[in-house]
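J.: Residue numbers (the numbering used here), protein chains in the order written: chain A, 50 to 259; chain B, 50 to 259.
Please keep in mind that the hints were generated in silico from the structure rather than gathered at the bench. Keep in mind that a hint or two might mislead.
One copy or any two copies: either way a pair holds, since identical chains are not told apart in the list.
Heads up, simulated SDA-like pairs for lysine to any residue below, C-alpha to C-alpha not over 25 Å straight-line [unchecked claim]: (1) 82 with 129; (2) 51 with 119; (3) 204 with 136; (4) 82 with 111; (5) 124 with 237; (6) 51 with 126; (7) 139 with 117; (8) 163 with 231; (9) 51 with 205; (10) 111 with 60.
Computed from a prediction, not measured in an experiment: that's the story for all the values here.
Number of protein chains: 2
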Amino acid sequence: MKLYDLSHLLNNETPVFPGMGKLRFQTAATIEKDGYRETRFEMDSHTGTHMDAPAHMLKNGKTLDQLPVDTFAGKALIIPVPENAELIEKEFLLPFEKQLKEVDFVLFKTGWSKFWGTPRYFENFPTPDSEAIEWLLNFSLKGIGFDVVSADLLKSITYPNHFNILGKGLVIIENLRFPDALTETQGRFFCFPLPYENADGSPVRAVFGV
Amino acid sequence: MKLYDLSHLLNNETPVFPGMGKLRFQTAATIEKDGYRETRFEMDSHTGTHMDAPAHMLKNGKTLDQLPVDTFAGKALIIPVPENAELIEKEFLLPFEKQLKEVDFVLFKTGWSKFWGTPRYFENFPTPDSEAIEWLLNFSLKGIGFDVVSADLLKSITYPNHFNILGKGLVIIENLRFPDALTETQGRFFCFPLPYENADGSPVRAVFGV
Numbered sequence: 050m051k052l053y054d055l056s057h058l059l060n061n062e063t064p065v066f067p068g069m070g071k072l073r074f075q076t077a078a079t080i081e082k083d084g085y086r087e088t089r090f091e092m093d094s095h096t097g098t099h100m101d102a103p104a105h106m107l108k109n110g111k112t113l114d115q116l117p118v119d120t121f122a123g124k125a126l127i128i129p130v131p132e133n134a135e136l137i138e139k140e141f142l143l144p145f146e147k148q149l150k151e152v153d154f155v156l157f158k159t160g161w162s163k164f165w166g167t168p169r170y171f172e173n174f175p176t177p178d179s180e181a182i183e184w185l186l187n188f189s190l191k192g193i194g195f196d197v198v199s200a201d202l203l204k205s206i207t208y209p210n211h212f213n214i215l216g217k218g219l220v221i222i223e224n225l226r227f228p229d230a231l232t233e234t235q236g237r238f239f240c241f242p243l244p245y246e247n248a249d250g251s252p253v254r255a256v257f258g259v
Numbered sequence: 050m051k052l053y054d055l056s057h058l059l060n061n062e063t064p065v066f067p068g069m070g071k072l073r074f075q076t077a078a079t080i081e082k083d084g085y086r087e088t089r090f091e092m093d094s095h096t097g098t099h100m101d102a103p104a105h106m107l108k109n110g111k112t113l114d115q116l117p118v119d120t121f122a123g124k125a126l127i128i129p130v131p132e133n134a135e136l137i138e139k140e141f142l143l144p145f146e147k148q149l150k151e152v153d154f155v156l157f158k159t160g161w162s163k164f165w166g167t168p169r170y171f172e173n174f175p176t177p178d179s180e181a182i183e184w185l186l187n188f189s190l191k192g193i194g195f196d197v198v199s200a201d202l203l204k205s206i207t208y209p210n211h212f213n214i215l216g217k218g219l220v221i222i223e224n225l226r227f228p229d230a231l232t233e234t235q236g237r238f239f240c241f242p243l244p245y246e247n248a249d250g251s252p253v254r255a256v257f258g259v
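Kindly generate the complete structure, drawing on both the sequences and the hints.
T.: Laid out in structure tokens, this is it:
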């Protein structure tokens with residue numbers, strides 16, 4: 050199986066959602082002084098390529114450590130979205146019905162990750178509308194992934210997609226990136242979160258295998 | 050494929066190698082106040098179930114972000130070590146020769162993880178001797194995993210196993226745990242590190258698939 054990395058690189062310059070805490074990587078030990086290298090890092094649970102647990106938004110939603118580990122791996126379908134789409138609608142998804150019946154994850158590839166590191170990344174990125182998400186939730190999915198910072202429109206204040214997806218017990222993966230070399234749309238997806246207690250979310254190393 | 054979690058749960062009480070920085074999980078946002086949950090966390094790169102990069106000990110060793118993502122997944126053999134063994138010797142490994150030719154990872158299961166959370170976890174845990182490691186390095190491996198805190202004896206000050214393994218470009222996985230329900234010894238192993246820059250190591254969600 051050939052593996053592709055769908056994750057953004059993290060460092061002290063990694064952009065974070067407006068208002069969120071920044072990342073902080075510090076040298077904790079050096080070969081010259083200590084005989085080994087070690088790094089201390091600090092970040093918010095929804096940093097970089099990351100996963101939202103149902104507990105991120107829902108009072109009684111499950112945390113990631115309450116979900117079985119096979120929640121985080123499975124068959125996946127990448128749905129390429131036309132470059133100038135502002136909204137992903139149900140009509141656009143209908144032709145994927147047959148493929149959707151066979152997978153655990155849907156990953157939306159809008160190409161927006163090319164703006165990662167620029168202010169535009171956080172402006173007017175494309176997302177599915179509520180009807181599209183509700184239709185998707187008829188399938189037997191474990192999670193839905195996005196190569197944008199949020200499953201909901203930036204201007205949304207009610208977060209309908211978050212509430213719909215997490216409310217069904219699925220996980221959300223945000224800030225994915227798709228390498229140019231990855232041209233296949235069907236494969237295996239791995240997105241294992243850090244195993245911490247009461248995890249409302251976690252950065253993940255998202256990987257696609259073909 | 051049935052997946053088993055080989056990782057210890059992280060929280061503010063997670064034991065760390067003597068002298069290392071402690072973990073710190075803090076609430077960053079709550080549903081009551083902010084409408085969503087978020088956690089800020091802080092830890093050293095070699096915390097909990099984690100991976101050592103060649104750069105952890107070697108001046109010119111590669112960091113995890115310099116290694117292709119398929120370094121972190123592959124076929125694995127679990128080698129169960131008799132409960133009272135103090136040292137893992139080459140003679141003990143010889144019968145596994147045929148199986149070792151077919152895998153990418155060797156994972157030593159000594160059962161020591163039952164002492165996790167107690168002072169004994171850091172005392173006189175079993176490790177392979179140099180001859181055993183040198184023999185293992187004749188095979189075509191990506192990494193070697195341990196259910197103890199270090200690939201080297203606690204009292205070691207020269208870290209021969211670290212230098213031998215990392216010097217060959219392999220990764221080391223430490224602080225694994227093997228669930229009782231996992232009785233198979235051959236399967237797939239996944240240990241994707243966080244994608245951060247100049248990564249000398251990283252906590253991982255280690256997973257075994259049968």
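J.: Indicate, hint by hint, whether the structure satisfies it.
T.: Verification of the hints:
1. 82 with 129: neither (49 Å within a copy, 37 Å between copies)
2. 51 with 119: both (20 Å within a copy, 7 Å between copies)
3. 204 with 136: Result: close within a single copy only, 13 Å intra versus 61 Å inter.
4. 82 with 111: between (44 Å within a copy, 19 Å between copies)
5. 124 with 237: Answer is both: 5 Å inside a copy and 16 Å across each meet the 25 Å cutoff.
6. 51 with 126: The answer is both: 16 Å in one copy and 21 Å across copies each meet 25 Å.
7. 139 with 117: Neither, since 30 Å and 37 Å both go past 25 Å.
8. 163 with 231: Within. Shortest intra-copy distance 15 Å satisfies the 25 Å Cα cut-off; inter-copy 42 Å does not.
9. 51 with 205: So residue 51 and residue 205 fail the 25 Å test inside a copy (38 Å) and across (39 Å) alike.
10. 111 with 60: Only across copies: residue 111 and residue 60 sit 17 Å apart there, 29 Å inside one copy, limit 25 Å.
Consistency note: the structure conflicts with the earlier hints numbered 1, 7, 9.
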